[in-house]
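Student: So the sequence lines, in the order shown, correspond to chains V and A. Last residue of the first sequence? That's 88 in the UniProt record's numbering, and every number before it is there in order. Last residue of the second sequence? That's 610 in the UniProt record's numbering, and every number before it is there in order.
Because the hints were derived from the structure by calculation, they are not lab data. Since the structure is predicted, the reported quantities are computational estimates derived from the model, not experimental observations. Where a beta carbon is used, it is the ideal one built from N, C-alpha and C, also for glycine. Be careful, since some hints might not be right.
[Unchecked claim] Label-pair restraints from in silico Cβ distances:
id: 1; chain 1: V; residue 1: Asp-37; chain 2: A; residue 2: Lys-389; range: 39 to 45 Å
id: 2; chain 1: V; residue 1: Phe-25; chain 2: A; residue 2: Phe-15; range: 40 to 46 Å
id: 3; chain 1: V; residue 1: Leu-66; chain 2: A; residue 2: Ile-9; range: 53 to 59 Å
id: 4; chain 1: A; residue 1: Thr-330; chain 2: V; residue 2: Val-69; range: 40 to 46 Å
id: 5; chain 1: V; residue 1: Asp-37; chain 2: A; residue 2: Val-204; range: 29 to 35 Å
id: 6; chain 1: V; residue 1: Lys-11; chain 2: A; residue 2: Ser-41; range: 27 to 33 Å
id: 7; chain 1: A; residue 1: Asp-366; chain 2: V; residue 2: Trp-38; range: 41 to 47 Å
id: 8; chain 1: A; residue 1: Pro-416; chain 2: V; residue 2: Asp-37; range: 40 to 46 Å
id: 9; chain 1: A; residue 1: Glu-463; chain 2: V; residue 2: Leu-66; range: 44 to 50 Å
id: 10; chain 1: V; residue 1: Phe-73; chain 2: A; residue 2: Asp-366; range: 54 to 60 Å
id: 11; chain 1: A; residue 1: Gly-379; chain 2: V; residue 2: Phe-25; range: 52 to 58 Å
id: 12; chain 1: V; residue 1: Trp-38; chain 2: A; residue 2: Asp-341; range: 55 to 61 Å
id: 13; chain 1: A; residue 1: Phe-8; chain 2: V; residue 2: Ile-62; range: 47 to 53 Å
id: 14; chain 1: A; residue 1: Trp-418; chain 2: V; residue 2: Leu-66; range: 34 to 40 Å
[Stated by the list, open to error] Covered stretches of chain A (in silico footprint by chain V; criterion: 3 or more residues with CB under 8 Å from a CB of chain V, positions within the stretch not fixed):
id: 15; region: 214-225
id: 16; region: 292-300
id: 17; region: 531-537
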Amino acid sequence: MQNDNARAHRKSCLRLTLALLAVWFFISYGCSILLRDWLDVNFPSVGNAPFGFWMAQQGSIIGFILILVTYAFLMNRLDNKHGYTKEK
Amino acid sequence: MTQDTLNFIFIGLSFALYIGIAFRSKAGSTKEYYTAGGGVSPFANGMATAADWMSAATFISMAGTVAISGYDASRFLMGWTGGFVLLTVLMVPYLRKFNKATVPDFVGDRYYSKLARGVAVGCAIFICMTYIMGQMRGVGVVFSQLFGISITSGVITGGAIVFFYAGLGGMKGITYTQVAQYSVMAFAYTIPAIFIAMALTGNVIPQLGLIGNYTAGDEIVPFLQKMNNINTELGFSEYTSGKMSTLNMFCITAALMCGTAGLPHVIVRFFTVKDVRAVRKSACWTLAFIAVIYLTAPTIGAFSRVNLIEKLHDTAYTEAPAWFQEFEETGQMAWVDKNDDGKIQYYGPGMSEAGTFSVFQGKNPDYPTYEAPENQRIGKHGERLLANKADDSNPNELWFGNDIMVMANPHMAGLPMWVIALLMAGCIAAALSTAAGLLLVLSTSISHDLMKKILKPDLTDKEEVNYARFASFVALAVAVYFGINPPSAFIAKTVAFAFGLAASSFFPTLLMGIFSSRMNKQGAISGMIAGILFTFSYITYFQFLDGTPDQYLFGITPEGIGFVGMLVNFAVAFAVNAFTPRPPEHIIEMVENIHIPSSSTEKEKQDFEI
Chain V
1 MQNDNARAHR
11 KSCLRLTLAL
21 LAVWFFISYG
31 CSILLRDWLD
41 VNFPSVGNAP
51 FGFWMAQQGS
61 IIGFILILVT
71 YAFLMNRLDN
81 KHGYTKEK
Chain A
1 MTQDTLNFIF
11 IGLSFALYIG
21 IAFRSKAGST
31 KEYYTAGGGV
41 SPFANGMATA
51 ADWMSAATFI
61 SMAGTVAISG
71 YDASRFLMGW
81 TGGFVLLTVL
91 MVPYLRKFNK
101 ATVPDFVGDR
111 YYSKLARGVA
121 VGCAIFICMT
131 YIMGQMRGVG
141 VVFSQLFGIS
151 ITSGVITGGA
161 IVFFYAGLGG
171 MKGITYTQVA
181 QYSVMAFAYT
191 IPAIFIAMAL
201 TGNVIPQLGL
211 IGNYTAGDEI
221 VPFLQKMNNI
231 NTELGFSEYT
241 SGKMSTLNMF
251 CITAALMCGT
261 AGLPHVIVRF
271 FTVKDVRAVR
281 KSACWTLAFI
291 AVIYLTAPTI
301 GAFSRVNLIE
311 KLHDTAYTEA
321 PAWFQEFEET
331 GQMAWVDKND
341 DGKIQYYGPG
351 MSEAGTFSVF
361 QGKNPDYPTY
371 EAPENQRIGK
381 HGERLLANKA
391 DDSNPNELWF
401 GNDIMVMANP
411 HMAGLPMWVI
421 ALLMAGCIAA
431 ALSTAAGLLL
441 VLSTSISHDL
451 MKKILKPDLT
461 DKEEVNYARF
471 ASFVALAVAV
481 YFGINPPSAF
491 IAKTVAFAFG
501 LAASSFFPTL
511 LMGIFSSRMN
521 KQGAISGMIA
531 GILFTFSYIT
541 YFQFLDGTPD
551 QYLFGITPEG
561 IGFVGMLVNF
571 AVAFAVNAFT
581 PRPPEHIIEM
591 VENIHIPSSS
601 TEKEKQDFEI
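Make a model of the complete structure from these sequences and hints.
Tutor: Right, here's the structure in full:
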């Protein structure tokens, strides 16, 4: 039983990690490097900055923080669900 | 009160604070020495990690790099922050659960081999050493400017201070010192930016000013538009476009990110908190604190570039602002009057990475000695003359070092003297905190992994701490030596080196160790050696031997080669792994176990196994 629980936890954890890494890849390499030229032209600018440029200099960093906050929040919830909460 | 007195007061006060903290939190046991006892709050640890992370190079040079290369510099901004995402979701929670004090310890146990541990110790020493040399050099340069002493004595003074609080206090000492250092750095960095943002864009928040309007001129134009205009007018590439190839940009960003996730001194910082939950929370704080500086850097870069060009370009030397002469004096700026009109002209492409299109021949300014006759030292307008011959193939007359953007910023914006003093203190804090953090990793790798785990297994706790102190003394002595005689002219170059090596050695090895329970020691060791050898020889060939840019592999610069080295590491490891026996049962079980955060049924081990 304990083993199944651990496996389920590990699986959800891995899924969450991969999802967050996909977002991480998209906002850094995707928006800011690979698709930048296209985004600069076709996306609404942020303030007076072209979208791709803004993502590269400010947006991606803000995005990274949000990813970590999401990770901490969802992982704690996942731990609780699988009974890995530390005893008080 | 003069500027020098103010500088002394600010720096003296900050030193007193650091040393006072180090003295109060003197480490007694190995546990306190290596991991501060393991009970630091996530918030304090976040601050300390941020200070540890922000090196002198980041603090002084990053904004300058952004100013010169605009969009292209995003590789540093993203690389050094995005790596924390990798570090947090892939590395530290699992390594923390493993409950060992150092990174080579994990490698040694996970790959059940003394050889693996030895290779990891070697990599750790090498990475920390290249990195720490750059820091010591930085400290020396700042001290020499500040106190008017030679760089040699500056480096030695810095080394003594670092040894005092890192050697004495261990992790416990430096954690709380770094909290203080972070505060100094953050204020020192953001306050000038706020003043300048108000002056140029009328916006109190620099980040909004950058994407807002330029209001200091005759008409209101979008700030980035203004930036692009002055850049293209003078012959530089557009600020928001950059000129680096997409592949290179990709590889460098990737190498910096994976390097960050493999840097041993950042990883061990997360071993100082209570449990896996605290690790995640602490990582959020760390990145938030780092972002305070990293989101400000592009604004400082852009603002000071506009300021610099507006104030200097086409200005007669005799009417140039006073700070120009101050920076000429310290060799940070130089003017060569090529067309003999007495005016300063700044034209692109300026200082390129290859060192061509320079104001003068050679990469760095070279000055006649003080004994030289006056007409060789001082020009007819009173400017400081260079020993380099002018490079007449381009019209550019102005040279400045990258570091100038942050250091000259308060001068350019005409800010009060205490802001400049604060900036000096922040700069030293940045160098000292990183040097201390690295020194600690270096000394623990030697005392714990090399001495205790490989050479002398019967060391007592107390002897081990003494070995650590002794190792940090030796390491520092070596770092001071290389700080005085740097093997490479650019601090940034040696730092890029450290990242490439971390990306190609530790990152893949740790990743496979955590996520692939089938990876065996033969695979990991050969991967690690192949990755680091490849990266090391590529960088050495192009940075220190006579490699030329047209020989680059797919046009990838040495900065980005760590990414390729990492792929080599993975490929070799998996190939060797396929032909060698699988790891023993207890290792597979151990790997399964580090994925369980903590258990309510099984009592969590409170103590580190040291």
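Student: Of the numbered hints stated earlier in the document, which are not met by this structure?
Tutor: Of the numbered hints, 3, 12, 13 and 17 do not hold.
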